[in-house]
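Chains as they are written, first to last, in my numbering: chain P, 1 to 230; chain R, 231 to 460.
Since the hints were derived computationally from the structure, they do not count as laboratory data. Glycine is no exception: its CB is placed at the ideal position from the N, C-alpha and C atoms. No incorrect hints appear here.
For each label pair, taking beta carbons as the anchor points, the in silico distance ranges come out as:
(1) Gly282(R) to Glu201(P): 49 to 55 angstroms
(2) Ala367(R) to Glu27(P): 36 to 42 angstroms
(3) Ser256(R) to Asp71(P): 21 to 27 angstroms
Here's the letter readout for the chains.
2 protein chains.
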Amino acid sequence: MKALVLSSGGVDSTTALALAVEKYGSENVVALSVSYGQKHDKELRAAEAVAGYYGVEQKFLDLSRIFEYSDCSLLARSTEEIPEESYAEQLEHRAGEAPVSTYVPFRNGLFLASAASMALSLGCGVIYYGAHADDSAGCAYPDCSPQFNDAMNEAIYQGSGRQLRIEAPFVNMNKAEVVKTGLGLGVPYELTWSCYEGGEEPCGKCGTCIDRAAAFAANGVEDPALLGRV
Amino acid sequence: MKALVLSSGGVDSTTALALAVEKYGSENVVALSVSYGQKHDKELRAAEAVAGYYGVEQKFLDLSRIFEYSDCSLLARSTEEIPEESYAEQLEHRAGEAPVSTYVPFRNGLFLASAASMALSLGCGVIYYGAHADDSAGCAYPDCSPQFNDAMNEAIYQGSGRQLRIEAPFVNMNKAEVVKTGLGLGVPYELTWSCYEGGEEPCGKCGTCIDRAAAFAANGVEDPALLGRV
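Please model the entire structure based on the sequences and the hints provided.
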């Protein structure tokens, strides 16, 4: 069987890629990285480096047109500032149950649906992606939740004529557990990129930099992307 | 509330558009038409004419890159012939439970996911689409089935932070019942286009021409698109 892995060049999806390669072999894994109008292309370059490391085929897809009406702060066309808080702090500060300002509308749903169309054409029977429990906590990113994942898995299974399913190995893990899994697999985290800003080096201040550093710290190691910086 | 309608310019989605306009008013309806590498653009021009008739906003989206690896016979890059049979005949002639050759891999899933992303950005609370029971019969188009629709609705509801849902008013109707609904609403079927071929006039021979003519005949009227031709 072949597997298609949604690869963003970050910690979670790179660990998912490592799991897929371990199970199916690099010759049976295709990495798919999506542009959605991000403020920079650091993630895509990181994804490419990771695919090169594992020797898997790398495909790219540009879906930025779909988000051209969104005011999500991650998008190049947005005038909103990217918050300098961890997700937990953003959750505390926002009103009610609305997703955080870095929620790209139904991004994971769209990525999985696109991946499903491509996976069926490429003869893949499973799609891996790296959603984890920290991202869905408090409805920050509702398209990372187990409820969403279960429904989307069923939609893809039924809508593909029962040829394809989703594997979300971290949907009930926190980020520290994802990193623990990856450290065990020898994942080359020094190649990954998580920072929402597109500077030369990770900013160390945005939600994803903070949470990433904490996940490594919880495992007693320094984040290789921030080595010598913080 | 605002509604986004997936509009292909054909009978089913145009009838869904008519229902949405009746319920929400034309000023609260946005039509979305998707290019996916069709062999012709007749459908998109028909969708545009229908939107003009109803006075609703019309948006277009090009997703053809996603299907570039598919060998579906509907796509411009395919060398497969479009079958000259009704769906019922195609189902009889195919082996096993595989979708028919005109199944575009996970097309409805991808269209709905794209529509969900755009609907959230545009402030819509519901997506209408025209899937009906004839299309899902015998797993011909598994992404038209009630099972798919239920799961995709749940995925979009959960993945949007419970802000958005799907309305598939025909999912348990056959095409003749869809046409009956539309005739009652005065739908301008003469503006619609269904034929898989891109000729000056509908071919009258492909699966969709045959099934469309039969749906009108079952209501005792002639298909306005084929008037004077068959």
